[in-house]
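**Q** Here is how the chains run, residue by residue.
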Amino acid sequence: MTTMISERTANKVQEIRTRSGIRAYLINEPTLPFISMSFRTPAGAAFDPVGAEGLSYMATALLDEGAGSYDSQAFQAELEDNAIRLSFDADRDAISGSLLTLNATREHAFELLRLALHEPRFDSEPVARVRSQILAELDRLETSPNFQASRVWFEQAFASHSYGRPTRGTIASIKGMSKDSLNGFVRSRLARRDLAIGVSGDITAAELSTLLDRTFGDLPETVALPAVGPATPILGQTYILPLPLPQSVVTFGTTGIERHDPDYYAAYMLNYILGGGGFSSRLMEEVREKRGLAYSVYSQLYDTRFAPLWLGSVATSNAQVAQSIALVRQEIEKLAAGEISEIDRANACTYLTGSFPLRLTSNDQVARMLVGMMAHDLGADYLATRNGFIEAVTLEDLKRVAARCLTQPLSVSIVGAPEGIEAAVTLRRKDGIRQADEPVLAD
Amino acid sequence: MTLALNETGTDKSAVHLFEPESCTLANGMEVVVITNRRAPVVSHWCWYKVGTADSPAGKSGLPHFVEHLMFKGTRKVPPGEFSKIVARHGGEDNAFTSLDFTAYFQTIARDRLPMVMEMEADRMVNLALLDEHVYPERDVIVEERRSRVDNDPGSLLSEHLSAAQFLHHPYRLPVIGWMHEIQSYTRADVEDFYAHWYAPNNAILIVSGDIDMAELLPLAEATYGKLSPRDVPARKRLVEPPQLAARRLELKDSRVRQPSLIRSYLAPSLNTPDPVTGIGGGASKARSYALEILAEALGGGATSRLYQSLVVERGLATGAGTYYRGTALDETTFRVVAAPRPEIPIDTLEDALDEVLAQTLEMGVTAGEVARIQKRLVAEATFARDSLGTAARVFGVALTTGGCIEDVETWPDEIAKVTPEEVNLMAREMLRIERSVTGRLLPDVAISERAAA
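If you read the protein sequences in the order shown, they are chains Y and X.
Using the UniProt record's numbering, read the first sequence as starting at 1 and increasing by one per residue.
Using the UniProt record's numbering, read the second sequence as starting at 1 and increasing by one per residue.
Because the hints were derived from the structure by calculation, they are not lab data.
Keep in mind that a hint or two might mislead.
Said to hold, decoys possible - Below 20 Å or equal to it, Euclidean Cα-Cα: the simulated SDA-like pairs (lysine to any residue) are:
1) Y:Lys290 <-> X:Glu144
2) Y:Lys290 <-> X:His133
3) X:Lys76 <-> Y:Tyr268
4) Y:Lys290 <-> X:Glu343
5) X:Lys84 <-> Y:Glu342
6) X:Lys84 <-> Y:Asn347
7) Y:Lys290 <-> X:His68
8) X:Lys84 <-> Y:Thr350
9) X:Lys252 <-> Y:Asp139
10) Y:Lys290 <-> X:Gly73
11) X:Lys76 <-> X:Glu118
12) Y:Lys290 <-> X:Pro136
13) Y:Lys290 <-> X:Leu129
14) X:Lys84 <-> Y:Ser296
15) Y:Lys290 <-> X:Glu81
16) Y:Lys175 <-> X:Lys76
17) Y:Lys175 <-> Y:Arg131
18) X:Lys84 <-> Y:Gly292
19) X:Lys252 <-> Y:Leu141
20) X:Lys84 <-> Y:Lys12
21) X:Lys252 <-> Y:Glu137
22) Y:Lys12 <-> X:Arg38
23) X:Lys84 <-> Y:Tyr268
Using the sequences and the accompanying hints, generate a full structural model.
**A** In structure tokens form, the structure reads like this:
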């Protein structure tokens, strides 16, 4: 039924290749006089040099803090006064950015982006300010249970791979980040050939092509990135980071599946059944609906480039967190043992295909979808073909892929003052935070 | 849809933001449609004019608990099935509660709209609760409170700040409720509250997306239109006595690594009558629009006064900003926030913050400053029209907080009309220390040092 929905949009994807070889996907949507653009390049925090952890995070935070003839305040005023929204971000795999501009300010918006990429100033004031902001953030995150649960999971699973290093850096690496590292950042990471770009809004392919050449055309064709190889996570462990909290926050996870693996869509459906589907998932049913153990419990596939992952999270009172983790393990084991029905498959299929068009209703959403399609090499016809991949998955596929993927050992990290957790490695804190055996805050 | 929005913000002719259609059903339920034909998708919302500020005494947050229990079944839709049915039809759904309203929504393919309207109308009057579903859900709320508030010292401070700002008016309550009162909720509490407040004449239907009023109205009459109106209590809340003394609080917590500072002032909402004339609407709304401009001038972005002075020029803070929203049924707050850089004493930061405020009062915001902000806010309104959810949400919030459709539609015009004199008048009226609460979030040094020793 709902497969039809996306076709109106799907058939409108235009593939652009500019004179300087830059590629982009565009959907021309003339209803409102603005455009949204997303771009990314596969050179994220995993490529930060040893000792310069957080370089991607700090440099991207500084790209809109002064460029060309504009100092930091002048650059920000240009953005604000013209209602231009420009932002940059860095995760483990990629450097990304987004630009939102009205038609009336479009030329200026792309010029500001060009300046940010080609002539960032890294003046002393914004460098000192952003350094201080990141240091304060790192310190604050020391007691953020969600952040720490995830950090511990990655640090332990990837002890000898750059995925285990902190994407936002350490106190020492941020304090020591040199101006040379920052200055070299764009030139050493951004290449025309690797850029993926998605645009949605009131612009033609010819207009966009000209702007893209002008904005990105002076980037090098390629860059030589440091070698980062595939990683195998260390699994099967339980870690506790003690913090005086009334509720423990848990990250759990195992190996996921490559984006281009033929079994990807079966795994994607399995994740929906396990913990991806809001109130429809088994984890939600067992942990929240039946027992009231948690407000939030979910799982998600991460198609991270060097080690695909299947991660999840749950937050439960300290006294009951062991029960919640046992339920998570039980539901994963049930799926691995093939306890999946045709009804499960059909429900996952109608949701995942029917809800796909809901993710394509605004320029921001469409631009993000398009850049993802290009970055993951899914093809310009993906919006039209994607639901077919989901519909093709059989019950036998689901059982086979569950046995393949969900039989690997799980690693669990717990932050809080959990009770009754056996065979866990308790990590020691280096700071003066009181330990979990002292009175906790609420009831 | 016309593209009447003027990018310079100087055009004083009527600017129509969303161009909705509206009507009222015979049973008193208001209906608003915002047509957006981009995709064959609709966003369907049912808003109730009741929120945590309408909690019964001793049952803070009960409206939020009721919101959770609205998913626990009727005679037609078994417990827990509502969201699963929506999902099986490729839709997404959720609900939320604030101090003034409760809202439920589904985003779904256009051809499934009749189904979700039928289910939403059904649970407006036919909720059938069993203890076995009510009490585990109460435990869920306990965990939700721990996740949102108790696990986060910043949220605890914010909660205390509201309680200190409002001695008497129910805006003092946390939306989710106090823990000991959450733990006291009973099924009878829920049923009583539901019977009082859930009725078509206390609800608003808002649909945005691939539909217009001619298409929606027959569906609305066949579902919600069949429900009978009921007597609904007036939202008469306790009246806050005048605040005559500045209030201060410090929350010390061993989990705090970076201190922060919040200053909250009592401030009129769009619905607050003019204090001199006692008259609401019209001119009194201009007071709130002036405060929106003031919030931007002081703390809206990297070139605002607070950010520029405290963060950039003087290097005292890692961040600084303001928070003000005029859409509230009763008098609300204007908040100023800042966090010191690691080596800066919080006293130094508070003094500097007070200097920025004092200077703004003394010299006033400038005409150029106001014009810049007006141009930006009006231009950004174009972006808001792109999202189905934003359109529905903006009308829902307005209509449950004493506002009307016209308030939303004329917002760009009204913002463009504000003069620097009006902004400065409101700044002088509102930024008075005796009508403020200052909250500090601080590390519990004594405990930290003891543990380290």
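**Q** Determine for every hint whether it applies to the structure shown.
**A** Checked hints:
1. Between lysine 290 of chain Y and glutamate 144 of chain X, the direct Cα distance comes to roughly 16 Å. Compliance with the 20 Å bound is thereby established for this hinted pair.
2. Between lysine 290 of chain Y and histidine 133 of chain X the CA atoms are separated by roughly 8 Å; this keeps the pair inside 20 Å, and the hint holds.
3. Taking the CA atoms of lysine 76 of chain X and tyrosine 268 of chain Y, the gap is near 32 Å; set against the 20 Å cutoff, the hint is violated.
4. About 49 Å separates the Cα atoms of lysine 290 of chain Y and glutamate 343 of chain X, which puts this hinted pair outside 20 Å; it is violated.
5. Taken as a hint, the lysine 84 of chain X and glutamate 342 of chain Y pair is honoured in the structure, with Cα atoms around 16 Å apart against an allowance of 20 Å.
6. Of the supplied pair hints, the one linking lysine 84 of chain X and asparagine 347 of chain Y holds, its CA atoms being roughly 9 Å apart against a limit of 20 Å.
7. In summary, the hint linking lysine 290 of chain Y to histidine 68 of chain X is supported, as the alpha carbons are separated by about 14 Å, within the 20 Å threshold.
8. Taking the CA atoms of lysine 84 of chain X and threonine 350 of chain Y, the gap is about 11 Å. The hint holds against a cut of 20 Å.
9. Between lysine 252 of chain X and aspartate 139 of chain Y the CA atoms are separated by roughly 16 Å; this keeps the pair inside 20 Å, and the hint holds.
10. Between lysine 290 of chain Y and glycine 73 of chain X, the direct Cα distance comes to roughly 14 Å. Compliance with the 20 Å bound is thereby established for this hinted pair.
11. The straight-line distance between the Cα atoms of lysine 76 of chain X and glutamate 118 of chain X is roughly 10 Å, inside the 20 Å bound, and the hint therefore holds.
12. The hinted pair formed by lysine 290 of chain Y and proline 136 of chain X meets the criterion: a straight-line CA distance of about 7 Å does not exceed 20 Å.
13. For the suggested pair lysine 290 of chain Y and leucine 129 of chain X, the alpha carbons sit about 15 Å apart, so the restraint of at most 20 Å is met.
14. Annotation: proposed proximity of lysine 84 of chain X to serine 296 of chain Y holds, straight-line Cα distance about 17 Å (limit 20 Å).
15. For the hint pairing lysine 290 of chain Y with glutamate 81 of chain X, the CA-to-CA distance comes to about 13 Å; that is within 20 Å, so the pair holds.
16. Simply put, lysine 175 of chain Y and lysine 76 of chain X have alpha-carbon atoms about 62 Å apart, too far for the 20 Å limit, and the pair is violated.
17. At roughly 7 Å between alpha-carbon atoms, lysine 175 of chain Y and arginine 131 of chain Y fall within 20 Å of each other, so this suggested pair holds.
18. About 18 Å separates the Cα atoms of lysine 84 of chain X and glycine 292 of chain Y, which keeps this hinted pair within 20 Å; it holds.
19. For a cut-off of 20 Å, the pair hint linking lysine 252 of chain X to leucine 141 of chain Y stands: about 17 Å separates their Cα positions.
20. The suggested pairing of lysine 84 of chain X with lysine 12 of chain Y is violated, with an alpha-carbon distance near 32 Å, which exceeds 20 Å.
21. For the suggested pair lysine 252 of chain X and glutamate 137 of chain Y, the alpha carbons sit about 19 Å apart, so the restraint of at most 20 Å is met.
22. Proximity of lysine 12 of chain Y to arginine 38 of chain X is assessed by CA-CA distance (about 13 Å); at most 20 Å being required, the pair is judged to hold.
23. Pair hint lysine 84 of chain X plus tyrosine 268 of chain Y holds up; C-alpha atoms about 18 Å apart against a cutoff of 20 Å.
This entry does not satisfy hints 3, 4, 16 and 20, going by the numbered hints stated previously.
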